[in-house]
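Peer 1: Each chain, letter by letter, is given below.
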Amino acid sequence: MADAKVVSPNQIQVEGPLPADVGAIRLVRSADADIPLAVTSVKPGEKADSFLLTTAETLSKQDHYLLTAKGVAQPWEIAPSPLGLLISLIIGSALINNFVFTRYLGLCVFFGVSKSKDTAIGMGVTFTIVGLLSGMLSWALNTLALVPLKLGFMQIIAFIGIVACLVQAVDLILKKVNPVLHKKFGIYLVLITTNCIILAVPLLNATSGATLLQAFGLSLGAGLGFALALFLMSCAIEKVAMAPVPIVFKGLPIAFIIAGLFALSFLGFSGLKVA
Amino acid sequence: MSTNRPPPPVHTLLMRGIFEENPIFRLALSLCPAVAVTTSVKNGLMLGTAVLIVQVLSSMSGSLVKHIINPKIRIPVFTLIIAIWVSAIDMILAAYFAAVYQEVGLYVKLIVAFAIIISRMELFSMKHNVVPSFWDGLGMGTGFLAGMVLAGSFRELLGSGSLFGIAVVPFKPLMLVVLPAGGFFTIGLIMAIFNWVDVKRGHKLPSNTGGSHG
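In the order they appear, the protein sequences are chains R and D.
The opening residue of the first sequence carries number 38 in the working numbering; numbering runs sequentially from there.
The opening residue of the second sequence carries number 14 in the working numbering; numbering runs sequentially from there.
One should not assume that every hint holds.
With the Cβ distance kept under 8 Å, some of the chain R side facing chain D (calculated, not the full set) [what the hints assert, rightly or not]: (1) Phe138; (2) Tyr141; (3) Ile193; (4) Cys233; (5) Cys272; (6) Val285; (7) Leu289; (8) Pro290; (9) Gly305.
Simulated from the structure, these hints should not be mistaken for lab results.
Keep in mind that this is a model prediction, so the values were computed, not measured.
Ideal Cβ placement from N, Cα and C applies to all residues, glycine included.
Work out the full structure: start from the sequences and follow the hints.
Peer 2: What follows is the structure in structure tokens.
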């Protein structure tokens, strides 16, 4: 199939035989294929046999488009590159929509284990790995079994079952394969079951009907975002432990205020857009 | 795992959950919803009620089956019991309260992972009969509901200048508190107020500094 890609917010570069007449070209967004997007001009591109389409509307590199032309049998599919999509998904769920600071999930574990940097790193690493595994397993179960069999109402029970079994399995395998690692990370494994992020990721994926790539990006981004939040928080808490905090604010109240300040600063990421 | 010890009287069970062991401000359990959905009283009330119902039903079912289940697998069994009740509540809310459900739906599903419910089953239902378990669940659930409503009214009043969606003051006094960050500030402040009241009354501060798990 001939190649086509979005090169700037309102231009598409197309390779292959394209009629010069604008009226013979039809460009649609794959999500709503009934609404054609207006193409204002077709110019020959730099390379031989390539064309530059200019559109009236703004195009996004993250979107899927379908380009058809009269006299050309095969349509052009314009899809974002998988790697670019993955990176934008990971950054989106780790920074812009950080699960701890903008979706307020996983707070109990977050406040529980952010007392020192060592535990924060241990929990962060363990959670990222187990979260990714459970995210992918739940996605597979949902797409291959729950959706085709119309068992959507079993979502909650199925996902929490996967998490519980997975945590138990990882615990057993790690104990057998690498006892040293188990001694270091085993305690965090138990805590993972009560972390709502691990359940929120499969639920969000199921609600949005995510593809394999999207599910992977969200699971990994959620884990990395949680690990980042945990690490930042533990750095701040270690400093506050030395500070003269008013007695009624000691402990959790001040930790909440600090988390609030972090949440405020994470608001700054909301303008971030990955091209 | 015995029922030898007599359960505390009903009023102790009820008040314990609301004040001295308030799930949100004292035990620091189930904080996610407390920060997340308390942007308005209505959302807080809805999720609080859902948790109250799930807590009572799960505590009672946990107490009913405590002799049948092997203690080694009690955590997975408890989780499944909670998941069943949450699924039921989730479907009821989605069917009858569609508008509010749109906003808090994800958090209703996440009640499964709320530590307060499983910790009450583990700490209380495993040791007591159905009736005391009912009162304990009711007390803890009501404490949670009260915390949600308190945080919800504080944030809605200051952030949007209204209560239950009805305008109380004609302006928005402090927009900050309905922002994501405001939830953290609100809970932190209310916890500090709880501590302050205790200090004023000459009580020793409870050590809610290290005990939060789950």
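Peer 1: Determine for every hint whether it applies to the structure shown.
Peer 2: Do the hints match the structure? See the list:
1. Phe138: This interface hint holds because 7 Å falls under the 8 Å limit.
2. Tyr141: holds, 4 Å
3. Ile193: It holds, given that the least Cβ distance between isoleucine 193 of chain R and chain D is near 5 Å, below 8 Å.
4. Cys233: Holds, about 4 Å.
5. Cys272: violated, 17 Å
6. Val285: holds, 4 Å
7. Leu289: holds, 5 Å
8. Pro290: Since the shortest Cβ distance to chain D is 4 Å, the answer is holds.
9. Gly305: Status violated, d = 11 Å.
Consistency note: the structure conflicts with the earlier hints numbered 5, 9.
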